[in-house]
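Asker: Okay, here's what each chain looks like letter by letter:
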Amino acid sequence: SQQGEEDPQALSIQEGENATMNCSYKTSINNLQWYRQNSGRGLVHLILIRSNEREKHSGRLRVTLDTSKKSSSLLITASRAADTASYFCATALNQAGTALIFGKGTTLSVSS
Amino acid sequence: GAVVSQHPSWVICKSGTSVKIECRSLDFQATTMFWYRQFPKQSLMLMATSNEGSKATYEQGVEKDKFLINHASLTLSTLTVTSAHPEDSSFYICSAPGTGGLETQYFGPGTRLLVL
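Chains A and B supply the protein sequences, listed in that same order.
Using the numbering used here, the letters of the first sequence map in sequence onto residues 5 to 116.
Using the numbering used here, the letters of the second sequence map in sequence onto residues 46 to 161.
Any given hint could be a false lead.
[Claimed, not checked] If you anchor each label on the Cβ, the simulated ranges turn out as follows: (1) B:84 x A:31: 21 to 27 Å; (2) B:110 x A:24: 30 to 36 Å; (3) A:86 x B:105: 48 to 54 Å; (4) B:74 x A:81: 35 to 41 Å; (5) A:45 x B:115: 35 to 41 Å; (6) B:105 x A:32: 17 to 23 Å; (7) A:59 x B:109: 40 to 46 Å.
Hint data in this document are derived by calculation from the structure and do not stem from the laboratory.
Glycine included, each C-beta is placed from N, C-alpha and C at the ideal position.
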């Protein structure tokens with residue numbers, strides 16, 4: 005089953021602009037993770053935020069988590085053409101080692 | 046870091062044949078592995094949880110007799126798509142959780158299956 009919804013479904017921006025993607029989920033979680041997938045390829049893990057954390061940074065990525073609203077956002081600053089990909093949030097319902105439930109994803113297109 | 050491999054990376058087969066996909070943890074042991082399916086332009090859907098030495102656990106709506114899972118060792122899980130049909134054409138991805146209570150999942154590169 006799918007845990008969450010992401011919006012927008014598709015996002016087109018120019019290089020240098022910021023991209024914000026949102027993810028909502030339905031049940032209580034242990035952690036939430038964001039992944040990138042280039043067309044037809046495997047997943048690349050971007051960042052993990054635990055349920056007791058509110059914000060996390062990694063390079064040009066900033067993730068927020070609001071457990072009261074059951075939502076998360078991924079911000080990519082100063083986007084590059086190479087950031088063009090699909091982005092998925094995924095939630096882990098329980099402790100480490102459980103399956104991830106993926107959101108529907110946002111397709112990001114960055115044009116130069 | 047931990048690496049998960051899949052073989053083959055892509056396969057084309059005729060309708061009615063069976064296809065086996067392997068998922069290996071290369072430098073760590075995985076008592077549990079997960080199999081996902083991804084249709085074009087869609088998200089990943091969990092199909093089943095593969096447990097070493099015991100039966101797999103299938104998600105609702107996934108036919109266990111059609112998607113046979115075997116986890117015979119601590120580093121290998123196989124997914125066999127039996128009597129494949131064109132609607133089984135998809136991208137199949139496996140993952141294994143990190144060891145030591147780590148929350149990170151390690152994903153294989155995926156196997157693209159095309160059934161003609």
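Asker: Which hints from the list above does the structure break, by number from lowest to highest?
Answerer: Per hint list: 2, 3, 5 violated.
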